[in-house]
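Kindly produce the complete structure, drawing on both the sequences and the hints.
Chain order of the listed sequences is A and B. Using the numbering used here, the first residue of the first sequence is number 34, and each one after it goes up by one. Using the numbering used here, the first residue of the second sequence is number 34, and each one after it goes up by one.
No false leads were mixed into what you were given.
In this list, chains with the same sequence are indistinguishable; a pair is considered to hold if it fits within one copy or across any two.
Dumping the calculated DSBU-like pairs for lysine-lysine here, alpha-carbon to alpha-carbon at most 35 Å: (1) K51 - K254; (2) K171 - K51; (3) K324 - K336; (4) K92 - K108; (5) K117 - K92; (6) K285 - K171; (7) K227 - K117; (8) K61 - K424; (9) K61 - K108; (10) K108 - K51; (11) K283 - K60; (12) K60 - K108; (13) K51 - K92; (14) K324 - K87; (15) K324 - K92; (16) K92 - K80; (17) K366 - K285.
Hints are computed from structural coordinates only; laboratory data are not their basis.
In case you want the letters, here they are:
2 protein chains.
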Amino acid sequence: MLQISQRGIEMPASPIRKLVPFAETAKKNGTTVYHLNIGQPDIETPKQCLDAVKHYDIKVLEYSHSAGNESYRNKLVSYYAKNKIDITANDIIITTGGSEAILFGFMTCLNPGDEVIIPEPFYANYNGFAIEANVVVKPIASSIESGFALPPIEEFEKAITPKTKAIMVCNPNNPTGYLYSSAEMKTLEEIVLKHNLFLFADEAYREFCYEGIHTSAMHLKGAEQHVILMDTISKRYSACGGRIGAFITKNKEVLNTAMKFAQARLSPPSYAQILGEAAVDLPDDYFNTTKAEYRLRRDTLIKRLNAMDGVFCPNPGGAFYAMAKLPIDDCDKFCQWLLESFSHNGATVMLAPGTGFYSTAGKGLNEVRLAYVLNVESIQKAMDCLEAALKQYPGRK
Amino acid sequence: MLQISQRGIEMPASPIRKLVPFAETAKKNGTTVYHLNIGQPDIETPKQCLDAVKHYDIKVLEYSHSAGNESYRNKLVSYYAKNKIDITANDIIITTGGSEAILFGFMTCLNPGDEVIIPEPFYANYNGFAIEANVVVKPIASSIESGFALPPIEEFEKAITPKTKAIMVCNPNNPTGYLYSSAEMKTLEEIVLKHNLFLFADEAYREFCYEGIHTSAMHLKGAEQHVILMDTISKRYSACGGRIGAFITKNKEVLNTAMKFAQARLSPPSYAQILGEAAVDLPDDYFNTTKAEYRLRRDTLIKRLNAMDGVFCPNPGGAFYAMAKLPIDDCDKFCQWLLESFSHNGATVMLAPGTGFYSTAGKGLNEVRLAYVLNVESIQKAMDCLEAALKQYPGRK
Chain A
34 MLQISQRGIE
44 MPASPIRKLV
54 PFAETAKKNG
64 TTVYHLNIGQ
74 PDIETPKQCL
84 DAVKHYDIKV
94 LEYSHSAGNE
104 SYRNKLVSYY
114 AKNKIDITAN
124 DIIITTGGSE
134 AILFGFMTCL
144 NPGDEVIIPE
154 PFYANYNGFA
164 IEANVVVKPI
174 ASSIESGFAL
184 PPIEEFEKAI
194 TPKTKAIMVC
204 NPNNPTGYLY
214 SSAEMKTLEE
224 IVLKHNLFLF
234 ADEAYREFCY
244 EGIHTSAMHL
254 KGAEQHVILM
264 DTISKRYSAC
274 GGRIGAFITK
284 NKEVLNTAMK
294 FAQARLSPPS
304 YAQILGEAAV
314 DLPDDYFNTT
324 KAEYRLRRDT
334 LIKRLNAMDG
344 VFCPNPGGAF
354 YAMAKLPIDD
364 CDKFCQWLLE
374 SFSHNGATVM
384 LAPGTGFYST
394 AGKGLNEVRL
404 AYVLNVESIQ
414 KAMDCLEAAL
424 KQYPGRK
Chain B
34 MLQISQRGIE
44 MPASPIRKLV
54 PFAETAKKNG
64 TTVYHLNIGQ
74 PDIETPKQCL
84 DAVKHYDIKV
94 LEYSHSAGNE
104 SYRNKLVSYY
114 AKNKIDITAN
124 DIIITTGGSE
134 AILFGFMTCL
144 NPGDEVIIPE
154 PFYANYNGFA
164 IEANVVVKPI
174 ASSIESGFAL
184 PPIEEFEKAI
194 TPKTKAIMVC
204 NPNNPTGYLY
214 SSAEMKTLEE
224 IVLKHNLFLF
234 ADEAYREFCY
244 EGIHTSAMHL
254 KGAEQHVILM
264 DTISKRYSAC
274 GGRIGAFITK
284 NKEVLNTAMK
294 FAQARLSPPS
304 YAQILGEAAV
314 DLPDDYFNTT
324 KAEYRLRRDT
334 LIKRLNAMDG
344 VFCPNPGGAF
354 YAMAKLPIDD
364 CDKFCQWLLE
374 SFSHNGATVM
384 LAPGTGFYST
394 AGKGLNEVRL
404 AYVLNVESIQ
414 KAMDCLEAAL
424 KQYPGRK
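Here it is in structure tokens:
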């Protein structure tokens, strides 16, 4: 018998996508499914970005530079400058989505068996990239009661071993929506300096902050050599299918090493680099409109959730996610039940089970992640469904 | 001091791209550089493929399915059927270039420390993907004297250890241009069945066969569960920048496992999937024109090379590469010297040093790879340069 690899066995199936067949069946049976389960925004991709691709006149669709087009990297410098992130084009490698930036970070900085500390709940695919790179995720708990704030410094220090090489944060956070304060970012700076660790900063949702301002890991001037920024245009410009991200660091040894991984896969996708470059020219108020829309949705969602009996959802400061605690026995069962056995006025809601965002077994059992990527009217209807569902669900607690 | 990873240190820099700064300097100094060093075809991307992207009307650039658009996978079935490769849409995962298909193959089928046997010289980036996946490449020698034919079965059997999990071939071959015969493919089938190994088949150059017909690994009906086809549209349609490839296998366990890696990175690039889908509708004679052009170039190149004193180049049966033996001391020095210290009528030629395609140290020292991706006139001029250079090069042997 041919055997697949151990890492292939250990690789987690997407905790969100495993429910897809149940959603498909529900739809085939005529039920409307409100998708709050996935971070696919319905916000339109800016027309001038789509048009840039339409007007991209070439004879040959050539490989780009392995680090991405120089013109795009030069433009990005001005985007980051607006966010007080002071870098040059030579500090940037354009990647195939934020995903590849994360993988490059793990591959470049950690040996097999090395550890990266991540506050949980965290973006489920970090687990997958960790298994690909054969590195170990050490979760430390952030709690829904504290709104998923950064765990205290002692919790990090308890988790640090001789194998620890990095701390990773997503800010604003997916799945919790938590926006780390400037003081919390300072704490992280202190820890990585004291223990000589890398700081991986996934800032995919930088532009979506509703309470307070965003402190980038790149603002931590004392930790410049420690910080690797993992970025993407997917959420910023509603351009998920483009698969364009960025790996950014002032640490030249890290950048040069990541560049070897970039060379092996030749180049990032050409078309969406054109889109990304055009996006830098969007008017300064572009994000205001998008942010106002997301804020309205957030306010609608959080208000409805907390008005339901037995439900608690902290108010997320950023991104477009919220983690809510529900009065249920098991979120995986509940999310499947919503699709398989429930409907309300011909509709139901698809949510992401909380368990998928924890690597500690047994955690998140009564939590779900909601992505507010639908308009307010749809969110209202989805909340009607959830409210009715919680009254009927046999596993209610 | 922050330390990068051991695999980061071991990761090879691109053997081709390291000469780029010397080429840039030569150009700045006014020298024309004929690029025979890289597999970036000058053949135009078919207009109807580029137009499909221009006419792609969307409001939101969404994630595609992790396995790629269903409509594209359905179309691809008919492309493969024309090549007598009998698969369904469910046997295909669309990947980000052929590169990702190779990485998925290594990750899915091999544990860290497991071995893959590859006839050398081989495509240099296999080394990089092997390091990323922490697997060991065991080269077995194919020789320029035999035109880089498949090594005899005994050579494979000598290299097989309990750690061997797969054999990998590129057919037609990059860098040698060798086209494996049906008998050689049968030999591979025999070995993988006897020793229970996977057979990784990189068929990026399938459509470019000049002598005899292409035998795909997917034609080996007895080894269906063993074969993983790693494909790409980059060379087929001159669409390298699109970053669209495919991971194809009838082995469901392998496909389902690779799918978990595909889910972690969410989706392949959307735009170039549209291009790839349009390419399947190209007229049946599309490849005839391209092939005739490449054949003409090949004939020109090989004739010129073998007419030079001390040069030997076997006639490649496919792809658009040739490996030539030159009367030189060290190909890395020679290729650098061509860019740094030589010109002929204001021009020089950039070649890929043979050493980069061998993992056995010391091999390929007097070999270079030439990609015939320029028109006949440019190839003639490039050969004028090479001929003159070999007369002047201080390290001539």
